[in-house]
Amino acid sequence: MSFTDRQYFSFAVILYGLSVLYSIFLWRRGFREDNKVNYLLLLAAFLFHSAAMFKRGLSLQQCPVNNLYEATTFITWAMALIYLLFGAWPRISFIGAFASPVLFSIGVFALMPALDHHGPKPEFTGGWLSLHVALFALSYGAFGLSAVAGFMYLSQEHDLKMHRIKVVLSRLPPIQRLEVIMVRLVTLGFALLSLALLVSVVWLHSIELSPSPHFDPKLIWAVLVWLMGLALVCLRWVAHQSVRKFAWGTIGLFVFVALTFWGSSLISPTHNSGPRQVNTSEPSPRF
Amino acid sequence: MSLIVVGLSHHSSPVTFREKFAFKDEVIPHVLQKLKDEKLVEEAVILSTCNRVELYASSPGTNVGSACSALKDFLVRHHQYDGPVGDEIYSLSEPESLVHLFKVASGLDSMVLGETEILGQLKKSYETALHGKHTGIRLNKAFQRAFNVAKQIRTETNIQRGSISVGSVAVELAETIFSELNDRHVMVIGAGDTSEKTARALLSRGAKSIIVANRSFDRAASLAEQLGGRAVHFDEWCQEFKNIDIAISSTSAPHYVLDRQRLEPMMKLRNQRPLLLIDIAVPRDIDPDVNYLENVYLYNIDDLHAIADDYLKQRKEEIARCEEIIQSKVATLFPHQGSRPPAENGGLVFGEP
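Here the protein sequences line up with chains H and B, keeping their order. Be aware that the first sequence starts at 1, since it is given in our numbering, and climbs by one per residue. Be aware that the second sequence starts at 1, since it is given in our numbering, and climbs by one per residue.
Simulated from the structure, these hints should not be mistaken for lab results. Errors might be hidden in some of the hints.
[Stated by the list, open to error] Simulated pairs of lysine to aspartate or glutamate, EDC-like, Cα-Cα distance not exceeding 20 Å:
#1 H:LYS166 x B:ASP303
#2 H:LYS166 x B:GLU264
#3 H:LYS161 x B:ASP310
#4 H:LYS161 x B:ASP73
[Unchecked claim] A few chain B residues that face chain H, going by a derived Cβ cut-off under 10 Å, partial list only:
#5 GLU175
#6 THR176
#7 TYR256
#8 ASP259
#9 GLN261
#10 GLU264
#11 PRO265
#12 ARG273
#13 VAL296
#14 TYR299
#15 TYR311
Predicted, not measured: the structure shown is a model, and the values here were computed from it. Positions of the beta carbon are idealized from the N, C-alpha and C atoms, including for glycine.
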């Protein structure tokens with residue numbers, strides 16, 4: 001029996017949903033239970049998710065990022081990947097219980113049929129595009145996971161301040177470790193975003209697009225996200241901003257990305273499939 | 001031939017009674033030999049702790065009642081006890097004796113529910129008997145299984161999870177805040193007994209250094225020496241505050257020794273590092289308002305007791321799960337006896353003949 005890539009992704013979303021249900025169970029039990037089941041659920045979801053992206057990529061013969069569905073699934077995939085790498089540590093794995101609702105919500109959103117619009121055959125292919133997309137997706141994934149860690153920090157910190165006993169009884173990570181995770185993920189996300197923008201600039205200079213992408217809304221949006229990331233990193237590393245404010249900052253950054261990513265893509269001529277003139281006299285670089 | 005238990009514990013008798021039946025470690029091998037010489041037992045293990053004195057034995061005859069009675073008489077005779085003996089000394093036969101042994105090994109029968117010290121004491125008692133060749137197939141099998149059950153209960157239930165002493169709760173709080181305790185600096189303000197125990201608990205979990213401040217510098221120096229730390233004069237403790245991570249306060253001052261006004265400028269020197277304040281003094285040493293400062297986490301003695309009580313409640317909730325494990329293990333150990341259910345009173349049969 002052969003499944004389509006969307007069916008594979010649907011299986012992944014179902015597993016993300018099961019992970020949400022198990023997370024609710026963990027939450028009801030005060031996060032005292034072992035989190036292995038949740039990690040395995042997210043791992044299984046990630047495998048289906050990867051299969052969906054691989055299948056779509058094979059059918060397109062390129063990195064699958066030609067519409068909002070594909071871009072969204074790529075970002076959630078990056079987030080799940082980063083979680084699975086971090087989550088292998090005991091206690092840190094509880095981040096999965098907080099990440100699964102985010103993965104599930106974005107996954108359900110991505111499954112809306114209107115997002116998977118099939119336009120003309122993509123004009124851009126090759127290594128530059130794959131790198132451009134992968135770097136952006138990984139940076140947004142890192143921001144997403146740092147927001148999850150930020151939420152965990154604020155929740156734990158509030159419980160500690162209020163002397164809620166559940167905070168001591170739970171097996172959630174200590175707040176200082178959550179702080180380290182937050183800072184590292186935001187720094188990683190910012191570094192990847194910087195690299196992604198650099199790659200985009202080099203790539204755009206190698207091809208000539210009409211209209212010019214310099215004032216493309218998506219590019220302006222990406223620069224805005226980069227500036228927000230820069231502000232967060234500088235405030236933390238240079239001005240020693242308080243951890244609580246930093247946690248709110250990480251949440252704010254990801255909420256901004258989540259709420260405006262699709263809108264900025266829709267109004268961007270460069271990122272929307274449609275008639276576009278490309279001067280192909282200069283071949284696009286490939287890896 | 002079956003496993004029988006004869007003894008007394010904190011459940012059945014007060015310490016004034018138990019102390020009269022306690023065995024010193026050095027006499028236990030001789031007592032075990034005496035039991036065999038008098039042909040009262042074929043195999044025996046003696047467990048003698050501050051909370052219980054118990055004889056685990058495998059008797060040669062088939063009359064369990066008379067074997068229990070003989071062992072009870074032996075206990076009274078050996079300790080030359082001439083007072084009245086009633087329900088204080090209990091005796092159990094299989095399967096209740098096995099259930100009891102497994103409960104003891106798992107800390108379910110302990111005064112501090114779920115404590116692990118008893119397992120070490122039980123292992124030591126067993127090794128003493130094993131070394132003197134006072135155990136055989138029956139007791140070896142029962143004790144090995146008891147150790148396995150204790151391990152299973154420890155890993156599969158929450159009976160031993162959490163701390164029920166003030167010092168251990170303080171450690172747990174520190175572990176909820178700090179990634180590692182290895183590089184944490186601790187300060188003790190006021191060298192009281194509880195603060196000393198709390199500091200010791202933190203040091204045992206790897207705290208890097210300790211500073212002791214006390215109104216009497218000699219007392220501070222003495223405690224610092226015992227803990228491997230450094231003593232400072234009482235009016236200098238503020239200067240050390242920027243370097244420490246955990247402060248335990250237990251002075252006898254009638255007013256706050258640390259308030260928000262005093263702490264706020266010190267926090268600015270700490271680069272947003274968290275600070276755990278444990279106030280175990282009555283009246284309190286630390287103004288509760290400092291808890292409103294960012295990165296400051298203040299817990300007083302009532303907060304610590306509340307956490308300890310909750311842990312105890314959690315442990316009690318786990319008893320049913322532990323007992324299920326024990327019942328299943330007893331049934332598999334000697335299946336032919338599985339048909340007889342343990343007594344409804346948890347297997348404790350007081351004053352059996």
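Going down the list of hints, with the structure as the test:
About 13 Å separates the Cα atoms of LYS166 (chain H) and ASP303 (chain B), which keeps this hinted pair within 20 Å; it holds. With a CA separation close to 28 Å, the supplied pair LYS166 (chain H) and GLU264 (chain B) exceeds the 20 Å bound. At roughly 18 Å between alpha-carbon atoms, LYS161 (chain H) and ASP310 (chain B) fall within 20 Å of each other, so this suggested pair holds. Distance hint between LYS161 (chain H) and ASP73 (chain B) is unfulfilled; the C-alpha atoms sit about 59 Å from each other, more than 20 Å.
For GLU175 (chain B), the interface hint holds, since its Cβ comes within 10 Å of a Cβ in chain H; the closest pair sits about 6 Å apart. At a threshold of 10 Å, the smallest CB-CB gap from THR176 (chain B) to chain H is about 6 Å, leaving the interface hint in force. Taking 10 Å as the C-beta contact cut-off toward chain H, the hint placing TYR256 (chain B) at the interface is violated, the least distance being around 19 Å. The criterion of a C-beta within 10 Å of any C-beta in chain H is not met by ASP259 (chain B), whose closest approach is roughly 18 Å, and the hint is violated.
Interface hint at GLN261 (chain B): violated, since its Cβ lies 20 Å from the closest Cβ of chain H, which is beyond the 10 Å cut-off. At about 14 Å, the closest approach between the beta carbon of GLU264 (chain B) and any beta carbon in chain H exceeds 10 Å, and the interface hint on this residue is violated. About 16 Å separates the beta-carbon of PRO265 (chain B) from the nearest beta-carbon of chain H, more than 10 Å, and the hint is not met. With a least beta-carbon distance of about 9 Å to chain H, the hint placing ARG273 (chain B) at the interface is held under the 10 Å criterion.
Annotation: interface hint on VAL296 (chain B) holds; nearest CB of chain H at approximately 9 Å, less than 10 Å. Using the Cβ-Cβ criterion of 10 Å, the hint placing TYR299 (chain B) at the interface with chain H is satisfied: the shortest such distance is roughly 7 Å. This hint holds: TYR311 (chain B) has a C-beta 7 Å from the nearest C-beta of chain H, less than the 10 Å allowed.
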